[in-house]
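> Listed here are the chains, written in short residue letters.
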Amino acid sequence: MLSMTPKELKERTALRINPCKTCQPVGAIYCALGVHKCMPHSHGSQGCVSFHRMFLTRHFKDPAIASTSSFTEGASVFGGRTNIETAVKNVFDIYDPDIIAVHTTCLSETIGDDINSFIQDMTIPEGKLVVHTNTPSYVGSHINGFYNMMCGFIKYLSRKTGKSNGKIAIFPGFVNPGDMREMKRIASLLKAPFIMFPDTSGVMDAPMTGHYEMYPKGGTKIEEIAALGDCEKVIALGEITSEEPAALLEKQCKVPYELLPLPIGISATDEFVTALSKFSKCEVPYELEEERGQLIDIMLDAHQYYYKKSVAIYGDPDTVLGITSLVLEMGMIPKYVITGTPKEDFTRKAEELFARYSVEGCKAKASADLFELHQWIKNEKVDLLIGGTHGKTIARAEDIPLVRAGFPIIDRYVHSYMPIVGYKGAMRLVEMISNALMDRMDRDCADEDLEIVM
Amino acid sequence: MQGAKILDERKDFIMFKDSCCGDGKINCEKESVSGAVSQRACVYCGARVVLNPITDAFHIVHGPIGCASYTWDIRGSLSSGSELYRNSFSTDLREEDIIFGGAKKLAAAIDEIVEKNSPKLIFVYATCIVGVIGDDVEAVCRKAEEKYKIRVIPVKAPGFSGTKSLGYKLACDAIMELILPHKDIPKTGGINIIGDFNLAGEMWIIKNYLNAIGLNTVSTITGDANYESLIKAPSAGLNIVQCAGSSVYLAKRMEEEMGIPFIKVSFFGIEDTTNSILRIAHAIGDENAIKRAEEFTKERSARAKEFISKYKPKLEGKKAAIYVGGGFKAISLIRQFNEMGIKTVMVGTQTGKKDEYEIIAKIVEKDTVVLDDANPSELEAFMKEKGADILVGGVKERPLAYKLGIAFCDHNHERKHALAGYEGVENFTKEVNLSLNSPVWGYVKG
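Protein sequence lines, in the order shown, are assigned to chains A and B. Position 197, counted from 1, in the first sequence is what this note's numbering calls 365; the numbers after and before it change by one each time, with no gaps. Position 253, counted from 1, in the second sequence is what this note's numbering calls 460; the numbers after and before it change by one each time, with no gaps.
Okay, chain A solo, but in the shape it has when bound (with noise of 0.2 Å):
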């Protein structure tokens, strides 16, 4: 399996081999799926809607429903007009949902739709609402795709009354349905009353009921998403991914926010139950210090087996960053970092962390792919992987255990219904991490060798 990857290294500038990203589109899909009784909207051609739902379907094992404006060739050369003027028509009488979110493909970008126009033009029926975002597929990932459509969101919809709801609002970043519900628990502890948008616990992770729902239980509700502009502070987590929403809303509804890591990790957890306990005036409870106890005791009894281990991790910026931040306050070496999403941003703050714990010689890279991945560990082995199902032919190429966390996973199942945030979903990874090592020196130590009590 992937014999062919060579160990020299050789700079590539228009080859893409192995990619650790994908386009826009399907980040907005999943925004938009984060809204209650939404349709997310493809403005292109049939097929992108069909990879996309396709690709999020095999990540969640949940269905992902999407519409499509099925660009035709006339369309692509006099533009999509008819046909998001007919797909909106449809979308409502047919599956009726409160709301569309249009997006972008690479096809109606390049021909110039004006969407925002379009949807001006329209008529919508009463009482219901068509919003888009621009998401380009040669731009940024789709991780740009997610943040792009969490802001068509909040510019079509969020405004400032002028009295305050009292709230704090939580970005999640792109991360789980199960991550989403470990900070909205968190959020509860500390007594914080809080909007989380987008929120996709409850509509990617719905439960069996004999029923197929269209439109789950989950999901920010439309007045939800209006209130954002009342809120008292936006806590943005995922430094890369939540940022740009949180100035718009910031600069449209003058709501104050504060940038912060994913909490993935002691520190990190740390800083998200920190702010929210100083926006909530209320003190840590006893359940959160327990759980934070009970992860550094954890990380105490089983250190021997991961510590001064070498790791490379890859996938999204704000997950990556925040896995590295773990593995660090664990004693692990994050010997290689990636992201395939382009931001310079990812490489500087990989950059800090590894000072911050000084280890040397880790290597960080946004806009990187696997190939490139694959070369390095060539070079100079790690003992683990830790990143989403692509990595699986290295992890049988060069022998390293892999630990699945992140975005896509669509080889395992329950991933997407378990945090890695929080001190809960640390002690998850830190779980995850000790198995895969130690069953890994089960499964190489000589017979004599094989410990029972590890």
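Rather than coming from a laboratory, the hints here were simulated on the basis of the structure. Computed from a prediction, not measured in an experiment: that's the story for all the values here. Worth double-checking, as some hints may not be accurate.
Chain B stretches covered by chain A per the calculated footprint, using a threshold of three residues with CB under 8 Å from any CB of chain A [unchecked claim]:
#: 1; stretch: 270–278
#: 2; stretch: 299–310
#: 3; stretch: 319–327
C-beta atoms are modelled at their ideal positions from N, C-alpha and C, and glycine is treated no differently.
Given chain A, put chain B in place with the hints provided.
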């Protein structure tokens, strides 16, 4: 219209056998309606899935990253040789490429591949945007062919230019472009297996059958194919076409331009597998092969029937819904369910052809719903209305079925085992039984 809310534009795409509404004819082979939550893919996807199993080719996706990411190693096609095709190559076009053109980047990408490897064959897929920005992909490929003396074949497959079927056709044209220069090689009388993609090793099963009745396989298109075996394809005496939807066009071109006759076959279910093996032997016309085919199919179908009979008590009387890509596969599945004592109550395809829908209408029972390019609402409504116990479909249908409390079997890229041939009959029966009779259904409320 019962139960489901159906768009007026969609009504012609649905029919009910022998019932009061509908005129027994179906509208198909059209683009999806704007606003549909279609289960369908695009032209590019069609071309990509047909060519992707060619194992030692570099498949370069020329466009923004998404089209490459979504099709990276997703087919489950197996290889007995190179694993090259399981990597993802693309030009990852960025904003500046859209403004200034991407042709240079494509040429550079080809250079970067050739510098590091010694490829024999490169396919370049041009996606939606490439035509719009006006890259001359053909010129880039032609120049690279001349420069490196290798085959660099463009597949111009903008997603908006039609349906997935058009993509199949473009893929077939690309294969023709590859093999045509070799069309005068001497005939050997062997067989090309066309339209099988070696999902879960199914191509190997078919190859073994041909072997068992003394027939030789020349080339497999495209499951487990490679450059050297593909260019031998013109030497065959017969083409057998398994996935008619994607590949009958290729067989027709090979018949017209190379004089190789073809027959359509299907290796799904006992009846179709047996018939296919016998028809192949007769088409070759070799007495010995016919005799061996008769013996072989007699023995194997008896074994398979015996296998099914063990499961029949658990399956009989259940109702199946089918939603697959092509019409030909749907036909086989209806027959296969019949063999298992399961009645098909709903059948739909993404890209079925008129003649296939006519056959479907003939072999299903009264009141069966037949639909083209269905959306989740329609699938849900008809499965509920007809009381389906199991759905056979692809990735997007699986969670839908589960949410409805309906069992599921993937007959597409995510199939867990080989479903072709007599081995496939056993696997399919086991999987259908496993999903229908899982204890988990006992805990479903409602």
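> Please go over all the hints and tell whether each is borne out by the structure.
Evaluated hints:
Residues of the stretch 270–278 of chain B with a Cβ under 8 Å from some Cβ of chain A number 9, which satisfies the need for three, so the listed coverage holds. With 6 residues having a Cβ less than 8 Å from any Cβ of chain A, the stretch 299–310 of chain B passes the three-residue criterion, so the hint holds. With 5 residues carrying a beta carbon less than 8 Å from a beta carbon of chain A, the stretch 319–327 of chain B meets the three-residue requirement, and the given coverage holds.
Of the numbered hints listed earlier, not one is contradicted by the structure.
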